[in-house]
Amino acid sequence: MAQVQQADQPVEPGQRAGLDPFSALGRRPAELPQRVVAAKVSTAQRLRDIWGARELLIFLIRKELKVRYKSSFLGFLWSFLNPAMVLLIYYIVFRFIVPNGVPDFAVYLFCGLLPWNLFNTAMLSASGTIVAHAGLVKKVAFPREILPLAQVGVATCFFFFQSCILVLFLIGFKVMPDWKYLPLLLFAVLCDIVFSSALALMLGALNVYMRDIEHLIQVVLVALFFAEPIVYAFDSLWVKLTHHGLVWLYLCNPLTVMVLAFQRCIYGSVTGASGFIANYAGGFFFELLGIVLVASLVLFYFAIRVFMRVEGNFAEEL
Amino acid sequence: MASAVEIRHLSKRFRLYHEKYTSLKERILHAGRIPHHDFWALHDIDIDIAQGDTLGILGRNGCGKSTLLKCIAGILTPTKGEIRVRGHVAAMLELGAGFQPELSGRENVFLNASLLGLSRREIEKKFDEIVDFAEIEEFIDNQVRFYSSGMYVRLGFAVAVSVAPDVLLVDEVLAVGDERFQQKCVGRIHEFQAEGRTIVFVSHAPDTMRNLCNKVAVIEAGELVAVNPPGEAISAFRDILLHLEESPELLAGDETEAGTGPSTIPVKIAGSRLESSGGSDGRLLPGESASVVIELELGASLERAAFGCSIFSREGTLVLDWSSSDSFRVPIGRSTVRFAFKSLPLLDGSYTVNVRVEEPGGGTVYARLEPAATLVFAHEGSSTGIVDLPVGVEVAPA
Chain P
7 MAQVQQADQP VEPGQRAGLD PFSALGRRPA ELPQRVVAAK VSTAQRLRDI WGARELLIFL
67 IRKELKVRYK SSFLGFLWSF LNPAMVLLIY YIVFRFIVPN GVPDFAVYLF CGLLPWNLFN
127 TAMLSASGTI VAHAGLVKKV AFPREILPLA QVGVATCFFF FQSCILVLFL IGFKVMPDWK
187 YLPLLLFAVL CDIVFSSALA LMLGALNVYM RDIEHLIQVV LVALFFAEPI VYAFDSLWVK
247 LTHHGLVWLY LCNPLTVMVL AFQRCIYGSV TGASGFIANY AGGFFFELLG IVLVASLVLF
307 YFAIRVFMRV EGNFAEEL
Chain V
202 MASAVEIRHL SKRFRLYHEK YTSLKERILH AGRIPHHDFW ALHDIDIDIA QGDTLGILGR
262 NGCGKSTLLK CIAGILTPTK GEIRVRGHVA AMLELGAGFQ PELSGRENVF LNASLLGLSR
322 REIEKKFDEI VDFAEIEEFI DNQVRFYSSG MYVRLGFAVA VSVAPDVLLV DEVLAVGDER
382 FQQKCVGRIH EFQAEGRTIV FVSHAPDTMR NLCNKVAVIE AGELVAVNPP GEAISAFRDI
442 LLHLEESPEL LAGDETEAGT GPSTIPVKIA GSRLESSGGS DGRLLPGESA SVVIELELGA
502 SLERAAFGCS IFSREGTLVL DWSSSDSFRV PIGRSTVRFA FKSLPLLDGS YTVNVRVEEP
562 GGGTVYARLE PAATLVFAHE GSSTGIVDLP VGVEVAPA
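So the protein lines, in turn, are chains P and V.
Here my numbering is used: the first residue of the first sequence is 7, the next is one more, and so on.
Here my numbering is used: the first residue of the second sequence is 202, the next is one more, and so on.
Mixed in with the good hints, there may be bad ones.
Stated by the list, open to error - Computed from the model, here is a short list of chain P residues facing chain V with C-beta under 8 Å:
1. Arg52
2. Arg54
3. Leu62
4. Tyr75
5. Asp110
6. Ala112
7. Lys145
8. Val146
9. Ala147
10. Phe148
11. Val195
12. Arg311
13. Gly318
14. Ala321
Quick caveat, the hints were computed from the structure, so don't treat them as lab data.
By construction, the Cβ of each residue, glycine as well, lies at the ideal position given by its N, Cα and C atoms.
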């Protein structure tokens, strides 16, 4: 064991040139990385495994982006078109049919929809992803966490595409974001990704055992959409909630905090933007987001634990 | 030499549900009392596989050999015990698992290889080698869904072997493509062996084992029977098969198609037994002699009777069908008939012997017994197939 093999040893017979560096050849077994398959594996080891599969994550995200719209006529355009239509519908409804009186409503709406869409898309696709990839899960060994995480990755990609559209919107509506709150915005995106990842892992794993989750989540998401101030102004609600002392409850929803942070950064300087968004300083939002991030990380850790616990039986359950 | 794979006290339990409850409603309704029973697919397995070994895992269908392989691969998590694997592992459980029909061959190579644990740079380096091996240069940019099934598995195999793992796990996937490609695959496995890589190989076909493995582990009903060199292990495996066959055999005389034949003459085959020169375990070596003796009961004497027999291999291949050219007179009451096989040059496997009493010249069959006996052959030589034909080699200067 103590003997160290020299690196520039002559090539042994049977050894072909160009073999990968981690192969058995020219190395003693004791030096090779050891992998343990057992009923219990530490969380740190698990996280290292996931990190080791990051290239796979990128391949899977790319595959997902390519495959999703492969045989459709408009193809990739759908990833823009779909949210654009949702935007248009909400705009018409809340601007003309049930006016909510928010100035520059299109911008306001878009600010809220962006972080929401990331979460929404990730949840919808991640909850069913392990069941959908049953063939892979049963036949190939890789950290299964990658599958739901790839869905979050895809949602994040869509988020960035949609952000580009937002820029066009801002130019069109001549709205200038509050640049000094840009870090706040990035912080909110980070929170959104961590939070979505945690829930994606949890839902994806549990859906293997209870296939209802996939369907249930769709309803829950519809309800959850109205728990954030995306299509209505926060102010009127704010007054009522303060009256009952329930603002904290409303802010317990991490998505609300993210949506508010987006609005503070992008929409905050719009003339007529009122109350909560314009009046609070960035620090307040940073604090809220900090709490959200810590909570999301705890949730993520918890999700990894849950995932590890149920993952061993995936191949049997599918 | 250190072990490449150490398996310690490995047990795997499957929960078998009488009915699978996967919806929330059912889960809640049946919470905590879902009817199931535990099934231990593997029980306390201990195996050490030295680096450079090729271990075959031999067992009947459902004995747990694939479960063991999946545990080593990390697809299934053991219920108890642990497995330590040194180095990079790649499992070939199904070729082209995870191929996306919508993507091109090129994209699938990248995706599949990265699923098997190769980094992007390594894949780029090996890409040409993979395409070469799979022999699909001209189609590599076509969508995989337009591939023939042969192209599909060839590409799958090429990707899997390109990983060049320290430990390769193979699950009966070598039978892919045409014969030439199969040779190429086996060649690649031999190459791996020469390079000192460890291979674990699952099969229920003893012949493949003999050719590829230097050690064979026999598994029966989730328990490790033994780890031995191929010859011994294969006879141990045959013993298990034989043991399983014995029980139905005992009933053969009473329950199978014995009894009166489709004729008016009351002929009954009352019983049968095998007399062989083989050992007490009932196994025969190629070339040994054996006799099948049947007892006849006749309600009336039979003036002209002929006898016939046929031998089938386990796969149902007819080895021999024979009818006596002479005719015999069989008296009323009980008599015995002996079918003597002077030499049975048969190779590994079990063979069934069927017998019949018939009219001379192949007319009416008075009675038949199927099977009348089972012959089990096992040898420790290297020949495979059905018949042990004598072969000699001579080398002489020209």
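Under 8 Å is the threshold here; is the Cβ of tyrosine 75 of chain P close enough to any Cβ of chain V for the hint to stand?
Since chain V brings no Cβ nearer than about 10 Å to tyrosine 75 of chain P, farther than 8 Å, the hint is violated.
Hinted contact leucine 62 of chain P with chain V - closest CB pair below 8 Å:
Hint on leucine 62 of chain P: holds, closest Cβ of chain V at ~5 Å, below 8 Å.
Grab the minimum C-beta distance from alanine 147 of chain P to chain V and call the hint holds if it beats 8 Å, violated otherwise.
This hint holds: alanine 147 of chain P lies near chain V, its Cβ roughly 4 Å from the closest one there, short of 8 Å.
Arginine 311 of chain P was flagged as interface toward chain V. Is the shortest Cβ-Cβ separation under 8 Å?
violated (14 Å)
With chain V as the partner, please determine if arginine 54 of chain P meets the hint condition of a C-beta pair closer than 8 Å.
violated (14 Å)
Satisfaction of the valine 146 of chain P interface hint, Cβ to chain V closer than 8 Å
Holds, about 5 Å.
When the least beta-carbon distance from arginine 52 of chain P to chain V is tested against 8 Å, hint result:
violated (12 Å)
Less than 8 Å between beta-carbons is the criterion; does aspartate 110 of chain P satisfy it with respect to chain V?
With a minimum Cβ separation of about 41 Å from chain V (threshold 8 Å), the hint on aspartate 110 of chain P is violated.
Once the shortest beta carbon distance from valine 195 of chain P to chain V is found, is it less than 8 Å?
Cβ of valine 195 of chain P sits 26 Å from chain V, so the hint is violated.
Checking hints one by one. Is alanine 321 of chain P an interface residue toward chain V, by the C-beta closer than 8 Å rule?
This interface hint holds because 5 Å falls under the 8 Å limit.
Per the CB criterion, is phenylalanine 148 of chain P less than 8 Å away from chain V?
Status holds, d = 6 Å.
Closest C-beta approach of alanine 112 of chain P to chain V relative to 8 Å, hint status
violated (36 Å)
Going down the numbered hints, you'll see the structure goes against 1, 2, 4, 5, 6, 11 and 12, while the others check out.
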